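Protein chains: 2
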Amino acid sequence: MDKYRVPNDEFYMKIALRLAKKGLGFVNPNPPVGAVIVKYGNIIGKGYHSRFGALHAEREALLDAKKRGFDVSGATMYVTLEPCDHYGKTPPCTDAIIESGIKRVVISARDPNPVSGDGIKKLMKNGIEVMVGVLENEAKEIAKFFFKYVTTDLPYVTLKYASTLDGKIADKIGNSKWITQELRREVHKLRDIHKAILVGAETVLKDNPMLNVRLPKRKFKNPDVVVLDENGRILKKVISDIDKFELFNPDYHRRVIIFSSNQYQNVELPGNVKVKTPASLSVENILKELAKEGIDSVLIEGGASVFSQFLPYADEIYGFYATKIFGKGKSIFEHLDVPVKESEIPFEIQKVKIAKNRKELMVVMRRCSQELFNTYAKDTLMVRG
Amino acid sequence: MDKYRVPNDEFYMKIALRLAKKGLGFVNPNPPVGAVIVKYGNIIGKGYHSRFGALHAEREALLDAKKRGFDVSGATMYVTLEPCDHYGKTPPCTDAIIESGIKRVVISARDPNPVSGDGIKKLMKNGIEVMVGVLENEAKEIAKFFFKYVTTDLPYVTLKYASTLDGKIADKIGNSKWITQELRREVHKLRDIHKAILVGAETVLKDNPMLNVRLPKRKFKNPDVVVLDENGRILKKVISDIDKFELFNPDYHRRVIIFSSNQYQNVELPGNVKVKTPASLSVENILKELAKEGIDSVLIEGGASVFSQFLPYADEIYGFYATKIFGKGKSIFEHLDVPVKESEIPFEIQKVKIAKNRKELMVVMRRCSQELFNTYAKDTLMVRG
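Read top to bottom, the protein sequences are chains A and B.
Reminder that position 135 of the first sequence reads as 135 in the working numbering, one-by-one numbering, no gaps.
Reminder that position 311 of the second sequence reads as 311 in the working numbering, one-by-one numbering, no gaps.
Just so you know, these hints were derived from the structure itself, not from any lab.
Do not rely on the hints blindly, as some may be mistaken.
Take a look, some chain B residues computed to stay more than 12 angstroms from chain A by CB distance [what the hints assert, rightly or not]:
1. Lys122
2. Asn285
3. Asn357
In silico SDA-like links for lysine to any residue, alpha-carbon gap of 25 angstroms or less [said to hold, decoys possible]:
4. A/Lys328 - B/Asp315
5. A/Lys14 - A/Lys66
6. A/Lys206 - A/Lys103
7. A/Lys330 - B/His335
8. A/Lys330 - B/Gly174
9. B/Lys328 - A/Pro270
10. A/Lys46 - A/Lys103
11. B/Lys341 - A/Val187
12. A/Lys353 - A/His188
13. B/Lys356 - A/His188
14. B/Lys330 - A/Glu344
For the chain B half of the interface with chain A, some residues (derived, Cβ under 10 angstroms), not all of them [unchecked claim]:
15. Lys177
16. Ile179
17. Arg233
18. Lys236
19. Val273
20. Lys276
21. Tyr313
22. Thr323
23. Phe333
24. Glu344
25. Val352
26. Arg358
27. Lys359
Model, not experiment: these values are computed from the prediction.
Even glycine gets a Cβ: it sits at the ideal position worked out from N, Cα and C.
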């Protein structure tokens, strides 16, 4: 790209990207999008998609400019994703842009969703100058859940484990709470941006986890919780003990989806709880069912059986390691059995973070190849919570 | 320290420290030391302790200045460790400095070895200006093996493991070769600076490892190899198969020390092999025996049983993790059994290095407290290779 022209575009796009991020965790399964309107070098309007069903970033930015008394005709709009050209929850953004008199639109990434229509074509047909690809990778990164979801009809899968240096997620008698503490905030940040958290029934019964988001200075919002309860162990217990389950705590205001092989018609459940009994409880089918529920991203939080089964489908892995050692104990992926020659997983280390107290480490790994694993993905088991 | 005076001292001391490093792995159990002589701001002599038994850094630097035709009278000497004041393999360095006419000596760290005498006092008594503590931590870091060795009569213990993300050092059937490859160079650098490598008999019998240093552009030198062979499994095999053991390969020109509970008098061993049968084969006693052999530093390379037993005595841990997963398989410390509450080890993460291919990670941890571990160090087992 032209060195003497692009810097300005990148400058404004960075601001649009920062705005987009504000929607993370609130807009799913829509993409987070940010937009900035610039005239004579001044920012006269800013906007972002703030929650599912709300105005798109482009319309927010136009509205902002209007409120502040600016005339946007002749201005440039920077937007992190190609404007939509279809009627969804809101009318097409392309129409709003064309009507506004904006003369130039700079776009980070093309919209991969065929439903959205060809926004770029529409804008160009209407005499607007369009530039595409400024900070494209950054925009795709921010909207990675959306990109996976609309192109595959599967949610983005992030697997998160907390283990000792020797790869144990629980000691020999099964205790596991607070293996990592200092980096808990990173875990809550992960929960905050995902549409759902997924755990096995064993984890719910053993640890009774809250599975909510605990972050300071953040709007109240919790992800959905998905529980794999093939044999209905939780559903059976619920009859007598529902108040003892943090899972069903109404204060968290969230959806709970339970996968089971039996409807348990006699169990009375709160309105926010849904039991799903699909024909197959394979990992792939569960992911498809989640996508149908509008879940574009799911954070797999354990335990070992769930980790072992979802690993082949993970897009990203967050490994939290504490300077602790159990020796004997429960291994992260103890249900797998891979010989050394086939043990390489198609992931690259992206980032490492050492906790301030230097006693914990976060290792972020990203899928680097679309192939599943050599052996053990072939005959993925039925999910057992 | 005085801001307007120190920069020069630190500048020259850094050069002395860089020289000291050249001796790493060659001078044990002596400390690596570097020295620089400066007159009117010019470096007129440089020297370092290059191998055990050779001249000390101070004498090397004086000799260098002389060879180059410089008169050192009135000059300043920068030396990374307090000059010795006793007759060892070489006469006292203090005498050489005093005779030379040097007027000022800048020292990084005091010599912790009581045997060395009070070099600082001797220099001052002879009218030399002495300054101590410039880049002291850096000097202690370079000579960390020496500091541990002379103050405790035990070698510095570095524990190094290579594992999968899930803490496995071998798959279910025991295969383990090449878990990490990209970072092998770091392993060889570790071997290069340690006086000895220690492994269990199981590792020798299973993997037949070379345990030598394979580094480009490096003088040929291999560390001693220490093998824990309590039940004489290797010694019994040696009778028929000695040529098959890389351990006894004469090309490596190294000492081999075997700890066993039996002398196996009938076994004929090469001259470089020594069998030790101390009354106790506890970890502590083995470390003491190694110190007696002049071993100031030992790199513990496995397997699981050895790791489990030496962990409480480790000063440093190098964990190499590959983006691989075994699931079932051999855990790093599988002979330990620690409950979650007592599982924190007194180590801090010092440094993390990601391999260029992003498929491997090195985690360097340093002991941050002198206490052993809570439970499992108390009843340390006898060593079983």
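**Message:** Could you work out which of the previously given hints the structure breaks and list their numbers from low to high?
**Reply:** 3, 6, 9, 13, 17, 18, 19, 20 and 21
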